[in-house]
Amino acid sequence: MHILLIEDDTEAARVLVKGLRESGYTVDHAAEGREGLSRALAGKLDLIVTDRMLPHIDGLAIIQQLRRARLATPVLVLSALGTVDDRIRGLKAGGDDYLTKPFAFAELLARIEALLRRHASAAEATILRVADLEFDLLARRVTRAGQEIELTAREQKLLEFLMRREGQVVTRMMLLEGVWDLHFDPQSNLVDVHISRLRQAIDRGAERPLIHTVRGSGYVLKEEEE
Amino acid sequence: MSMKEGRRWGLFNTSAFRMSMGYTLLVTLAVCVTLGSAYLLTQSIIQGDVDLIIDTELRSLENQYVRSGIPGVTDEINLRIDSWGRIGAVYMLADPKFDRLAGNVTNWPFDGAPAEPYPEFRIESIEPGQRSVHPVRASVRRLPNGDWLLVGTDMSQDRRYVRTFQIATLWGIGLSILVAGVAGFSFSFRLARRVGDVTDTCVRIMSGEQGHRLPVVGSSDEFDALAASVNRVLDRLEEQTRTLRATFDSVAHDLRAPLHRLRTRMDAVLRLPALESGIREPVESSLREVDRLQRTLATLLQIALAESGAPLASPAPVDVGELAGELAELFEPVAREQGLTLAARVDHGVIVEGNRQLLAQLITNLLENALKYVPAGGRIDVVVMRLADRAHLIISDNGPGMTAGDRLRAGQPFARVGQRSGLEGSGLGLSLVSAIARLHRARLTLESNDPGLRAVVSLPLSYAEAASTSLSRSISA
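Listed in order, the protein sequences are those of chains A and B. Quick note, the first sequence lines up with residues 75 to 300 if you use my numbering. Quick note, the second sequence lines up with residues 7 to 483 if you use my numbering.
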């Protein structure tokens, strides 16, 4: 997977590039907007991570140029502004996700993975299946090993979010955004409490738990191999 | 639609309308006095002239009597009745028993001697082909020999003149009232419309359409002058807001960038393979500290931005009831874990104009505040309801509450409240709540819940919503 990082803060960029390479990605780095844009337009990229404020050409302008050139490469916007309006502007310009600096590297990694996978599997499924867990999206019915599991509407939404990202690390922030549409950081351990309730409903008494905690990152729903 | 409606009916309520009605009244009064006194004056002048003529003739006839006795007077009267006498003259000489001796009146018109100096009566004249009745004004003298002498004037001509004048006066008064009324009404209507335009524009600017300006019609009157100078003020304000935002952006950027570098490096350290736990733990706790710093910074920037008076950038309709319901559902398990009861009673479809994320942050901060201070076994209630044209969001608990002084202070920007701030987490939560409330033109009141704290946020409903409320109210009424 080939990623282009456009970031003028060379010190931060160096560490990020190193981290991403260690995670198995091929990473190019552009230190300013013009270079970033020309590389982005050259194509053959799976993902672009761009800073919002760049010398010469602004991050949002790069996205707009890219979309005008009919390139659908997913773009993750990094911003040091982080106001509500700024986020909306970033997504309106054609960005696919938005992350406010400073962020945890694990958060960036999880979002990069989510964007790359989302691009790969856009097909609409009506039944989600992970191991013996089944979610009939039309009937809104959840079963584990044939046993029906009662869930509230919000718990179902949380489970659907996790099942659609089977095997991917999903961070707390991603869950708050995706399930509750909250784009700020509450101080309470809200997500943990809701996950533990969902875990009780799904994994209680099961031989193999499906919901796993990833230390320092978030959660992942997957069938653990032996 | 309802705004326009309200404005039309509000016309009677404008100072312009009252003023122009006052002027109409004044004009009416002035016209009445002028024309009325002209009428009265004319009438009295005409009468004065007539009386003068009568007196003069009486005197000359009396002189005639002195010179040549009754026969002289009789001759003189007959002479005057002749064609060269004045038009409409009436004479009569009668004996003491009021029987006619001479003159052009056949019968004594009064019952004896009249009391008033200028009595009036009517005579019938038979002219060829038609009969007519003439009003006559006269005066009577008694001659030294006991005979009665009457001199009068046919007033029909003068009466016609006065009547015409009267009608003209009444028409004049009526027309000037009409003209003044119509002019006043249209004047106040136009004035109300222009003031209404100003009000509408202000409302739109307040609700976030910063690019809006007052209309300059081009009539270069005082309204255009006013609009132009208000527009200049608005331009300046917009410019300042833009500068302020740019400043905030660069402050945010300059503070976040080093934090970001710091965090990225620490992250990288933690990813090093075979990291000793003696290093890992302090780095991890420093990282948590960086995150707390970042959160405080974000809150401070948000408060500062909200307090700067810059309006909401892109307000949209938000269902506060639904939002509060969702958040209560989100926090309910957390409350239950702490041994608290969290109950929500929210009306749906309570729409306000605002930013969903900021309103969610407001509700979250109030809920987290309650969760932090209410001891196990306590209770938190979330209520959203519509009261008149406002949405009321009430979050109450039965915890320790706050002192009256702290309640007052908590609403102020950047205020830190007594003991509460001693606990972990920034004491800025309530400041942010009050800043977001202010940004939404909402009233935040912290009250005692006896025991506990009750936070009431009263938000103005969105226009469409407020209009439909008043509509349904008027239908049901």
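The hints are simulated quantities; they were obtained by calculation from the structure and are not laboratory data. A couple of the hints might just be wrong.
Said to hold, decoys possible - Just the calculated beta-carbon pair ranges, DEER-fashion: (1) Asp132(A) / Leu393(B): 11 to 21 Å; (2) Phe195(B) / Arg228(A): 47 to 57 Å; (3) Arg142(A) / Ala382(B): 55 to 65 Å; (4) Glu245(B) / Thr100(A): 15 to 25 Å; (5) Arg277(B) / Gln139(A): 49 to 59 Å; (6) His354(B) / Arg214(A): 38 to 48 Å; (7) Ala382(B) / Arg228(A): 22 to 32 Å; (8) Lys92(A) / Arg248(B): 36 to 46 Å; (9) Gly345(B) / Pro129(A): 19 to 29 Å; (10) Pro129(A) / Pro323(B): 36 to 46 Å.
Unchecked claim - Beyond 10 Å from chain B on every Cβ pair, some chain A residues (computed): (11) His130; (12) Thr157; (13) Thr287.
Even glycine gets a Cβ: it sits at the ideal position worked out from N, Cα and C.
Tested hints:
Distance hint check: the CB atoms of Asp132(A) and Leu393(B) are about 45 Å apart, inconsistent with the given range 11 to 21 Å. Checking the proposed 47 to 57 Å range against Phe195(B) and Arg228(A) shows it holds: the Cβ atoms sit about 56 Å from each other. In this structure the supplied range 55 to 65 Å holds for Arg142(A) paired with Ala382(B), their Cβ-Cβ distance being about 58 Å. Glu245(B) and Thr100(A) have their C-beta atoms about 46 Å apart, which leaves the hinted 15 to 25 Å range violated.
Against the hinted window of 49 to 59 Å, the Cβ-Cβ separation of Arg277(B) and Gln139(A) comes to about 34 Å, which falls outside the hint. Range check, His354(B) to Arg214(A): about 21 Å between beta-carbon atoms, so the 38 to 48 Å window is missed. Range check, Ala382(B) to Arg228(A): Cβ separation about 25 Å, and the 22 to 32 Å hint holds. Distance hint check for Lys92(A) and Arg248(B): the Cβ-Cβ separation is about 39 Å, which falls inside the suggested range of 36 to 46 Å.
The hinted window of 19 to 29 Å between Gly345(B) and Pro129(A) is violated, with their beta carbons roughly 55 Å apart. The hint said 36 to 46 Å for the Cβ distance between Pro129(A) and Pro323(B), and at roughly 39 Å that hint holds. Every Cβ of chain B is farther than 10 Å from the Cβ of His130(A); the closest lies at roughly 16 Å, confirming the non-interface assignment. With a least CB separation of 7 Å from chain B, Thr157(A) falls inside the 10 Å interface cut-off, contrary to its annotation.
For Thr287(A), the shortest C-beta to C-beta distance to chain B comes to about 16 Å, beyond the 10 Å cut-off, and the non-interface label holds.
Of the numbered hints given earlier, the model fails hints 1, 4, 5, 6, 9 and 12; all others are met.
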